[in-house]
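Residue 15 is where the sequence shown starts when you use my numbering, and the numbers rise one by one after that.
Think of the hints as simulated: they come from the structure by calculation, not from any bench. Note that the coordinates shown come from a computational prediction; the quantities given were computed from them, not determined experimentally. Careful: at least some of the hints might be erroneous.
Pairwise CB distance ranges, derived in the manner of DEER restraints [stated by the list, open to error]: (1) Pro80 with Glu131: 29 to 35 Å; (2) Glu193 with Tyr238: 34 to 40 Å; (3) Tyr238 with Gly133: 52 to 58 Å; (4) Pro284 with Ser172: 27 to 33 Å; (5) Gln199 with Ala111: 44 to 50 Å; (6) Pro169 with Asn132: 32 to 38 Å; (7) Gly99 with Pro169: 40 to 46 Å; (8) Tyr112 with Asp68: 39 to 45 Å; (9) Pro96 with Gln74: 20 to 26 Å; (10) Arg197 with Lys67: 42 to 48 Å; (11) Ala214 with Lys32: 37 to 43 Å; (12) Glu196 with Gly108: 36 to 42 Å.
Dumping the calculated BS3-like pairs for lysine-lysine here, alpha-carbon to alpha-carbon at most 25 Å [what the hints assert, rightly or not]: (13) Lys261 with Lys58; (14) Lys262 with Lys170; (15) Lys261 with Lys33; (16) Lys237 with Lys200; (17) Lys67 with Lys262; (18) Lys110 with Lys64; (19) Lys261 with Lys32; (20) Lys58 with Lys170; (21) Lys237 with Lys32; (22) Lys232 with Lys58; (23) Lys64 with Lys262; (24) Lys224 with Lys32; (25) Lys200 with Lys262; (26) Lys262 with Lys58; (27) Lys224 with Lys64; (28) Lys261 with Lys64; (29) Lys224 with Lys237; (30) Lys262 with Lys33; (31) Lys121 with Lys170; (32) Lys110 with Lys121; (33) Lys200 with Lys33; (34) Lys67 with Lys232.
Cβ coordinates follow ideal geometry from the N, Cα and C atoms, glycine included.
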Amino acid sequence: MFAFGSTQNLRAQDSKNKKPNIIFIFTDDQGWGDLGVYGHPDVKTPHLDKLAKDGMLLTQFYVGSPVCSPSRATLLTGRFAPEIGIHYAIGGPGGKAYNSRSTLDPKLPNVYRTFSENGYATGHYGKWHLGSGVDAPNPSDYGVQQYAVSNGNGPKLSFPNKKATNANKSEITADHGIEFIERNQKSPFFLSLWINDPHALLDPTEEQMKPYLELTRKGIRDKYRNSQTVYYSILTSIDEAVGRVVKKVDELGLRENTIIVFSSDNGPSPLWS
């Protein structure tokens, strides 16, 4: 687990008494060492590295759980996962065995409702994983005003055919986030971009893998890509997606009044997944 944030000109914000915009970018199963700024010798993440160097780099704190659903539920509510009945990934065999709830209770106080009730436009794009199916609430029941999700109810985050479009999960999530920022630039907003990457399965394009082909043995590159080539290319695609979001914030002149936070949900998954 790791996090950092861009905090430029926060004193100026205070003096103007303006509500700051907040963009919270959350990746799925990313390890703390999977970024250049944390010392990785091979991964190229220039946009995220710059955010960290311009802001605060957090190195010591705990996440609520080592698994997706309870860590996300804890984040939104500020409550311990066992207290709210979500101990494991909702929808999976482990979740059915260990969870006492199949959804996050929408009656609990949470950050979306808090921001919404205080004049913010709220948006959530990307993974949800806090309950899906006919009996599960939509994100709107938690105070999310605009959204498109995977692993949840309501409008779906569509992932086009990669071979036809060269699009990936990070890019599509960033597209939605950029559109949200453009729509809501005149009012304070709280935007969550919960990127599905680098959660398995990983399916980068050949173009995305080019910077890391040297990590695959030369004699087999025409047929195979090793795990480093595949994984590192996904990390760089996350970085590029974040870079596009930050660029849009700059283009719209919102940077001085925007807090950007980047974090992983709970660290890397076990090899068997």
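Satisfaction of hint between Lys64 and Lys110, Cα-Cα up to 25 Å: violated (41 Å)
Proposed proximity, Lys32 with Lys237 (alpha carbon, max 25 Å): Given that 25 Å is the threshold and the Cα spacing comes to 55 Å, the pair is violated.
25 Å Cα cutoff - pair Lys67, Lys232: violated (35 Å)
Given pair status - Lys33, Lys261, alpha carbons within 25 Å: Answer holds: Lys261 to Lys33 is near 21 Å, not above 25 Å.
25 Å limit on alpha-carbon distance, applied to hinted pair Lys200 and Lys33: holds (12 Å)
Pro80 paired with Glu131, Cβ distance criterion 29 to 35 Å: holds (32 Å)
Range agreement (Cβ of Tyr238 with Cβ of Glu193, hint 34 to 40 Å): holds (37 Å)
Supplied distance hint 40 to 46 Å, evaluated on CB atoms of Gly99 and Pro169: violated (27 Å)
Hinted pair Lys224 and Lys32, Cα distance within 25 Å: Violated, at about 44 Å.
Hint consistency between Lys110 and Lys121 [alpha-carbon to alpha-carbon, up to 25 Å]: holds (22 Å)
Satisfaction of hint between Lys200 and Lys237, Cα-Cα up to 25 Å: With Cα atoms ~50 Å apart, Lys237 and Lys200 exceed 25 Å; violated.
Pair hint Lys261 and Lys58, alpha-carbon separation not exceeding 25 Å: The given pair, whose Cα atoms are some 18 Å apart, holds under the 25 Å limit.
The structure is inconsistent with the numbered hints 6, 7, 10, 16, 18, 20, 21, 24 and 34, although it conforms to all the rest.
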